[in-house]
Amino acid sequence: MQVYEPFRAGLPPLIRYWKSLWSRRTFIAEYSRSELREQHFDSLFGQLWLVLNPLLLSAVYFLLIVIIRGSSDVTRYVHLTATLFLFYLVANSLTGGVKSITAGQRLILNTAFPRIMLPISAVVIAVAKFIPTLLIFFIIRTILGAPYTWEMLWAFPVLLITIFLALGLAITISCINVYFRDISSFLPYMTRTLLYLSPILYEASALKPKLMAIQEFNPLFPILDSWSRTLVHGQAPQGSSLLTGLAWAAGVFLIGTYFFLSREREFAVRL
Amino acid sequence: MELIFSYQGSANLLSASNSHATHEIAISVRGLGLTYKTSIDRHPTLKARAKSLGRRGKHVRIIQALDDVNLNVEYGQVLGVIGTNGAGKSSMMRVIAGIIPPTKGRIEVFGSVSTLLALGVGFNPSMSGRDNVFLGGLASGMSREEIEDNFQEIADFSELGEAIDAPMRTYSSGMFSRLAFSVAVTVRPDILIVDEALSTGDAKFKEKSLNRMKELRSEDSALILVSHAMATLREVCNDVVWLHKGKVVQRGEPNETIAAYQEFLHVRKSAALDEDV
Numbered sequence: 001m002q003v004y005e006p007f008r009a010g011l012p013p014l015i016r017y018w019k020s021l022w023s024r025r026t027f028i029a030e031y032s033r034s035e036l037r038e039q040h041f042d043s044l045f046g047q048l049w050l051v052l053n054p055l056l057l058s059a060v061y062f063l064l065i066v067i068i069r070g071s072s073d074v075t076r077y078v079h080l081t082a083t084l085f086l087f088y089l090v091a092n093s094l095t096g097g098v099k100s101i102t103a104g105q106r107l108i109l110n111t112a113f114p115r116i117m118l119p120i121s122a123v124v125i126a127v128a129k130f131i132p133t134l135l136i137f138f139i140i141r142t143i144l145g146a147p148y149t150w151e152m153l154w155a156f157p158v159l160l161i162t163i164f165l166a167l168g169l170a171i172t173i174s175c176i177n178v179y180f181r182d183i184s185s186f187l188p189y190m191t192r193t194l195l196y197l198s199p200i201l202y203e204a205s206a207l208k209p210k211l212m213a214i215q216e217f218n219p220l221f222p223i224l225d226s227w228s229r230t231l232v233h234g235q236a237p238q239g240s241s242l243l244t245g246l247a248w249a250a251g252v253f254l255i256g257t258y259f260f261l262s263r264e265r266e267f268a269v270r271l
Numbered sequence: 272m273e274l275i276f277s278y279q280g281s282a283n284l285l286s287a288s289n290s291h292a293t294h295e296i297a298i299s300v301r302g303l304g305l306t307y308k309t310s311i312d313r314h315p316t317l318k319a320r321a322k323s324l325g326r327r328g329k330h331v332r333i334i335q336a337l338d339d340v341n342l343n344v345e346y347g348q349v350l351g352v353i354g355t356n357g358a359g360k361s362s363m364m365r366v367i368a369g370i371i372p373p374t375k376g377r378i379e380v381f382g383s384v385s386t387l388l389a390l391g392v393g394f395n396p397s398m399s400g401r402d403n404v405f406l407g408g409l410a411s412g413m414s415r416e417e418i419e420d421n422f423q424e425i426a427d428f429s430e431l432g433e434a435i436d437a438p439m440r441t442y443s444s445g446m447f448s449r450l451a452f453s454v455a456v457t458v459r460p461d462i463l464i465v466d467e468a469l470s471t472g473d474a475k476f477k478e479k480s481l482n483r484m485k486e487l488r489s490e491d492s493a494l495i496l497v498s499h500a501m502a503t504l505r506e507v508c509n510d511v512v513w514l515h516k517g518k519v520v521q522r523g524e525p526n527e528t529i530a531a532y533q534e535f536l537h538v539r540k541s542a543a544l545d546e547d548v
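As you go down the protein sequences, you meet chains A and B in turn.
All residue numbers for the first sequence refer to my numbering, where the first residue is 1 and numbers rise by one.
All residue numbers for the second sequence refer to my numbering, where the first residue is 272 and numbers rise by one.
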């Protein structure tokens, strides 16, 4: 039996919610696939563009580094591509997630389903877009002759933490956008700021002591630092970085999901 | 009353997990009230919020969509819902389906609910008809295996032929709604809620979909139909409720209720009443 009563902010029964979400996993996959296809990622040139876009971006940023610093080397370029591609996984989750609820209006108004499915599929899409760029990264890395080590396997937990963080961010921002629609216009500026605050155009170790404070407020900082250490330098990441990254991800996920779940029954009237 | 078809064959897979006895309560609605707050600003934004900080009172209009509605639906019933535009029909369907929370009252639903409130929900126009059958089916809660087992039936019913593999944006609106309807009626929940989805396609397909609706009636499921097509309701329903301005005006035998509703409309000098639209 299902009971519907007046809306009160509060969590729905979590076990039932999870079951109903789990039963829709094929729908999430299919929904994400159709969105990807809509953006032509099933075609050859669509995928080529997917790879070309971050490649061109990394070329532009590399040019920027060379001009500002006056010199550069191969490792720096490998570092730039590695972190930039991972950054775009998070940035794409945010841009996909922010409108996931408001764009799913027709679906929300006409069917009952766990609404969290929509930001989740935004992250699934972002991950699907990330995978080809990861392949490109390994090709670049091999061509430029960076050595392979066993420590690089640390990339897996780092990637998982990143996806976890992206999920939390997508859920949070999709919920905020229901109440403040102009957040989607601010988003490009926020991601751009985040990009410059992250160790992408520079390495974390090169940061001036005065500016060290920014790493405390940037959830991406420890993750990108670990990612660079393992994939670029072939070293094991610092345990403290991994733990800080995980703590950020868990915190964002828990807070965002709490707000989302306690508000989602109201979304239909807010759209 | 016509013969009630019991649907045999592969479609049985889609039947609800637990069967329900006739006259068992399917939906119980108690003291249901629903008010919408529509803000004058079209979308809530930070900017609007900042601007209204200094002012007292919010720019909202309150709409009473449903007011103290009490309603029981039993298994085996086919309930027609009639009323003028803005009577609260669609709102009530959304509340029963759990899409919109009520403002007042309590709704108890005993069984699985599937809604057909709009055609082609979840469809993606850039995908082929075949892909959309899966997408739409999954959106309405079917499993992939169930859709695969019923795919041929859906394709045949939609009469699309070869076009099923063409992208849906190339479809005519009639083809689009034919496929959407075919997917929707394949779901076999305990309780099916249909909002004006019968008026689809040409006369021939309309008759076909009407027959399908009749097939969907069975002793162990409940069906709620919102429609302005009085002739259809007379033919399909065994119970009709008339809503007006969010309140139940009359409930009972289809012919009686529809006659009362039509008399009310005539008094208000409306035209084109018994049109099958």
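Calculated directly from the structure, the hints in this document are not laboratory data.
Accuracy of the hints is not assured; some may be wrong.
What the hints assert, rightly or not - If you want a taste of the chain B side facing chain A, the calculated C-beta under 10 Å gives, among others:
id, residue
1, R320
2, L388
3, V520
4, E524
Unchecked claim - Per label pair, the in silico range of CB-to-CB distance:
id, chain 1, residue 1, chain 2, residue 2, range
5, B, E416, A, M212, 51 to 61 Å
6, B, E527, A, Q39, 48 to 58 Å
7, A, F217, B, Q335, 40 to 50 Å
To be verified - Distance condition first, Cα-Cα at most 20 Å in a straight line; then the derived DMTMM-like pairs of lysine to aspartate or glutamate:
id, chain 1, residue 1, chain 2, residue 2
8, B, K518, A, E5
9, B, K518, B, E534
10, B, K375, A, E264
Glycine is no exception: its CB is placed at the ideal position from the N, C-alpha and C atoms.
Do the Cβ positions of F217 (chain A) and Q335 (chain B) conform to the proposed distance bound of 40 to 50 Å? The hinted range 40 to 50 Å holds for F217 (chain A) and Q335 (chain B), with Cβ atoms some 47 Å apart.
Holds or violated: is the Cβ of R320 (chain B) closer than 10 Å to a Cβ in chain A? Cβ of R320 (chain B) sits 7 Å from chain A, so the hint holds.
20 Å Cα cutoff - pair K518 (chain B), E5 (chain A): At roughly 19 Å apart (the allowed maximum being 20 Å), E5 (chain A) and K518 (chain B) satisfy the hint.
Identify whether the interface hint at E524 (chain B) stands, where standing means a beta carbon of chain A within less than 10 Å of its own. 29 Å, violated
Going straight from one Cα to the other, do K518 (chain B) and E534 (chain B) come out at no more than 20 Å? 18 Å, holds
Is it true that E416 (chain B) and M212 (chain A) lie within 51 to 61 Å of each other by Cβ? With a Cβ separation near 56 Å, E416 (chain B) and M212 (chain A) satisfy 51 to 61 Å, so the hint holds.
Holds or violated: L388 (chain B) as interface residue toward chain A, Cβ cutoff 10 Å? 4 Å, holds
Hint check: 10 Å Cβ-Cβ cutoff, V520 (chain B) to chain A: Violated. Min distance 23 Å.
Okay, E527 (chain B) versus Q39 (chain A) on CB: inside 48 to 58 Å? Given a distance of about 55 Å, which is inside 48 to 58 Å, the answer is holds.
CA of K375 (chain B) to CA of E264 (chain A), is that 20 Å or under? 18 Å, holds
The earlier numbered hints that this structure contradicts are 3, 4.
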